[in-house]
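Student: Line by line, the protein sequences give chains A, B and C.
Numbered according to the working numbering, the first sequence spans residues 101 to 444.
Numbered according to the working numbering, the second sequence spans residues 101 to 444.
Numbered according to the working numbering, the third sequence spans residues 101 to 444.
Calculated directly from the structure, the hints in this document are not laboratory data.
Please note: incorrect hints may appear among the correct ones.
Listed next, the stretches of chain A that the computed footprint assigns to chain C, with coverage defined by at least 3 CB atoms under 8 Å from CB atoms of chain C [what the hints assert, rightly or not]:
no. : stretch
1   : 128 to 141
2   : 147 to 154
3   : 177 to 187
4   : 191 to 205
Cβ coordinates follow ideal geometry from the N, Cα and C atoms, glycine included.
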Amino acid sequence: MAFVRNAWYVAAYGREVDGAPLVRNIAGDPILFFREPGGRLAALLDVCPHRFAPLSAGTITAGTVQCGYHGLKFNASGVCTHNPHGKGAIPRTLAVRTFPVVERDDLIWLWAGDPALADEQRVPDCSFLVDPQRRTLSGYTRIASSYRLMVDNLTDLGHAQYLHGSNFATDAFGQLRRLLTVDRDRVTASLTIPDGTTPAIWKRLLDFPDQRVNMWLDTYWFAVSSLVTVIGIAPVGTPKEQNVNTKSAHLLTPETETSHHYFFSNSRNFRLDDADVDQMLLGWQQQALVAEDAPMVEAIEQRSGVANRYGLTPTMLACDEASVRVGRIIEELLAAEAAAAMAF
Amino acid sequence: MAFVRNAWYVAAYGREVDGAPLVRNIAGDPILFFREPGGRLAALLDVCPHRFAPLSAGTITAGTVQCGYHGLKFNASGVCTHNPHGKGAIPRTLAVRTFPVVERDDLIWLWAGDPALADEQRVPDCSFLVDPQRRTLSGYTRIASSYRLMVDNLTDLGHAQYLHGSNFATDAFGQLRRLLTVDRDRVTASLTIPDGTTPAIWKRLLDFPDQRVNMWLDTYWFAVSSLVTVIGIAPVGTPKEQNVNTKSAHLLTPETETSHHYFFSNSRNFRLDDADVDQMLLGWQQQALVAEDAPMVEAIEQRSGVANRYGLTPTMLACDEASVRVGRIIEELLAAEAAAAMAF
Amino acid sequence: MAFVRNAWYVAAYGREVDGAPLVRNIAGDPILFFREPGGRLAALLDVCPHRFAPLSAGTITAGTVQCGYHGLKFNASGVCTHNPHGKGAIPRTLAVRTFPVVERDDLIWLWAGDPALADEQRVPDCSFLVDPQRRTLSGYTRIASSYRLMVDNLTDLGHAQYLHGSNFATDAFGQLRRLLTVDRDRVTASLTIPDGTTPAIWKRLLDFPDQRVNMWLDTYWFAVSSLVTVIGIAPVGTPKEQNVNTKSAHLLTPETETSHHYFFSNSRNFRLDDADVDQMLLGWQQQALVAEDAPMVEAIEQRSGVANRYGLTPTMLACDEASVRVGRIIEELLAAEAAAAMAF
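Go ahead and model the full structure; you've got the sequences and the hints to work with.
Tutor: As structure tokens, this is what we get:
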């Protein structure tokens with residue numbers, strides 16, 4: 101499967117691996133997550149090296165997993181510590197692949213590639229999700245499409261005017277201005293929509309009077325498929341610094357070639373203790389991300405066969421500049437890994 | 101996929117595309133049908149050329165479809181008429197493939213191949229379906245087999261003696277005589293069953309006394325997969341011209357390699373206003389076509405793997421002459437299109 | 101599909117083909133089983149040679165099957181005896197493949213390969229299943245894995261200590277001794293577990309006091325996938341000859357590459373008329389074989405993709421010696437058949 105493997109992907113929310121272990125498919129690999137007694141995370145390929153039984157079908161005790169088939173034990177480093185058969189010798193090959201993990205900002209990040217290249221500095225900064233000055237609401241859905249289609253979706257917030265129009269349309273959409281910054285493994289797309297009507301979602305969230313607003317939509321893409329979106333709004337005449345805003349994390353993790361995990365969080369700097377606003381934003385996440393975006397990219401995935409057969413290539417428009425640049429970087433990363441002919 | 105593309109296929113009954121649009125897969129292509137304000141039909145590949153979203157997920161207004169993802173608009177000719185992004189420029193490649201359609205006899209026929217070759221003269225004549233001197237009952241089912249297996253079925257009505265025996269068997273089956281006419285893209289098989297007992301279905305339909313009858317079964321195949329079957333019956337001694345008869349259209353349209361659409365209609369020249377006869381014939385369609393023919397060809401499709409593995413080839417009998425000739429023409433059409441190496 | 105074809109496989113229990121016919125997929129082939137009036141079994145490829153309709157969709161009368169599509173009749177030898185079409189000529193190719201079958205010990209064994217090589221002497225001896233001095237309980241389940249994984253499972257009863265630990269664990273497992281005998285198409289693995297606590301299942305079955313026991317577990321593998329397991333138990337000091345025991349048949353038959361049939365029987369030499377013991381052993385079969393073994397090998401089948409991708413090879417331990425030898429013989433049989441380039 102063609103995934104960029106040398107990258108950090110969100111595998112789970114930290115709270116998902118509590119007492120119970122968790123198995124999740126990441127970039128084609130079934131991975132078992134559990135905690136050692138001190139709380140440190142372990143991430144093992146969920147395949148016993150003896151006969152390929154899922155280790156998750158066994159039992160985990162004191163940071164050690166015992167295979168349910170023949171009783172072999174492995175520690176959090178994947179080393180076999182007990183073989184109850186014969187004289188108990190432990191062959192050198194009797195070890196489980198482990199994956200580097202970083203737990204940060206209530207997110208479990210997994211490095212899907214060569215452990216020697218795992219660099220914690222490259223974990224995208226999502227500290228705003230645990231900022232006590234903000235209020236964060238999180239969710240998850242699984243999407244039956246390549247994660248690439250959702251990266252395309254998120255690198256162009258222009259689609260909000262149409263796909264999410266009932267909540268997000270503004271009469272100033274035609275005045276939208278774009279600014280793009282491209283780094284080696286980061287692309288930033290800044291949209292400004294000046295002097296427009298307030299989108300319906302914001303009217304409800306802020307109890308806005310009928311005044312005109314400026315809006316700023318900044319999207320930060322971090323290779324390969326982590327995005328942060330900052331949406332700010334302020335009445336015309338108010339400086340950008342005084343806006344109210346939401347910062348959203350859109351963290352995509354390939355599961356298979358045609359499915360991915362979508363971890364989404366919305367963090368706001370207003371009405372932190374207002375349960376009604378919580379409900380509105382949770383509803384917005386369900387509608388916009390789960391009920392509008394997900395079915396759309398899944399439908400596009402379904403159309404990929406006929407598009408290929410007719411030899412169609414996407415026609416890029418002004419709104420696609422960021423996604424074109426992002427796509428190009430992903431292709432370069434894939435090509436570089438293919439060239440390196442990695443062993444796994 | 102190996103379909104004969106330069107051919108007319110029934111895509112829908114005309115009444116299916118009324119106010120609401122319709123999406124149907126024809127020969128591997130998802131096609132969106134809708135009407136312009138004047139009622140003229142449009143048939144577009146259901147794939148937006150921008151990012152391949154299904155156009156059917158958008159909205160249709162005044163003969164124009166607006167993509168639900170990014171708001172592009174296309175008219176019934178597939179031409180983009182509105183791009184709300186950037187300066188609104190419309191790249192030349194921003195167009196949707198359209199398909200020639202003909203609406204006739206309450207049927208929507210679609211030309212699946214090169215539009216330049218579409219010739220309305222070649223649409224099979226099904227005008228008897230709307231003949232006010234006849235009464236027509238129509239239905240539809242989707243069959244999980246290659247359409248070729250159903251063509252085989254329909255070009256040999258001899259199977260009715262067995263598969264549909266409870267309704268159709270007669271003691272004169274052994275006296276059946278066959279006459280075959282083969283044209284370039286038309287095959288006609290005429291069966292005569294002289295001096296037999298009346299099949300059960302006809303006894304009920306006609307309230308026949310126990311007299312002996314002559315039967316005529318004429319099957320007209322039009323390339324690639326449209327068939328008309330005329331079944332006439334008359335007491336022995338009555339000339340053929342005075343028979344009562346049903347004319348049935350069996351219109352097959354490939355959906356995928358292993359599924360097809362089956363549009364069937366039964367048109368009779370007797371008891372036009374008799375609701376009991378309507379009920380009997382609707383019941384006959386459900387039993388013979390949906391409950392007997394469809395499961396049989398689906399079961400044969402399921403057996404195709406083992407048949408291939410054993411290298412089996414069908415053993416042709418006297419009853420298969422028409423289907424052999426039809427199959428040969430279809431193979432020639434496929435070969436000719438493959439040779440032409442068409443671009444789509 | 102890569103199956104060893106020149107082998108006897110259990111297709112069904114004899115009682116399954118009573119009045120009604122049976123269709124079952126064996127090594128990729130759908131096979132129709134029915135009885136001639138005298139009771140003799142027929143096994144035909146369930147594919148009519150005319151147009152590949154399943155013969156099982158027809159009717160069986162007096163040892164003859166009539167195809168439900170066009171009325172052809174075939175006898176138990178696969179010979180066409182009636183063609184109702186045209187002049188009734190019967191082409192030489194109008195014959196159905198038949199398979200050698202042997203009915204013995206209430207089992208129907210099918211030879212999946214070249215009929216000329218079928219040798220009834222090679223049918224594994226399961227006469228203990230119908231021994232009036234024993235009480236036999238049988239069952240069936242379908243397992244969604246290669247039969248090879250279940251052969252691995254059954255050739256190592258060491259897994260019982262773990263996967264079936266709640267019923268079968270003993271404190272003397274570490275003292276287990278193994279003895280292996282390898283013939284051309286037979287492997288026997290004899291395990292002895294001396295001087296241990298009585299496993300929970302045996303305590304219940306035998307109402308044993310808390311004394312220590314010797315246990316003997318003998319596994320007989322017959323190529324390709326038939327196994328007999330004899331488990332004996334006796335208090336320490338009692339000679340092996342006086343043990344109580346169960347003899348179990350574990351008869352595996354490939355269905356597809358990734359599924360197989362599992363016919364299991366347990367035959368005991370104690371408490372023959374005790375219905376409570378029947379219930380306990382039926383419960384044991386359901387738990388150990390259906391609820392523990394089957395899900396485990398199915399889970400391993402699911403892991404085969406990732407194991408292949410990482411190039412993992414099983415790490416063999418002391419408990420795997422028998423399965424390694426068995427696997428080697430199966431590979432040799434597959435290679436020999438591939439080399440012979442058999443026609444079917």
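Student: So which of those numbered hints doesn't the model satisfy?
Tutor: none
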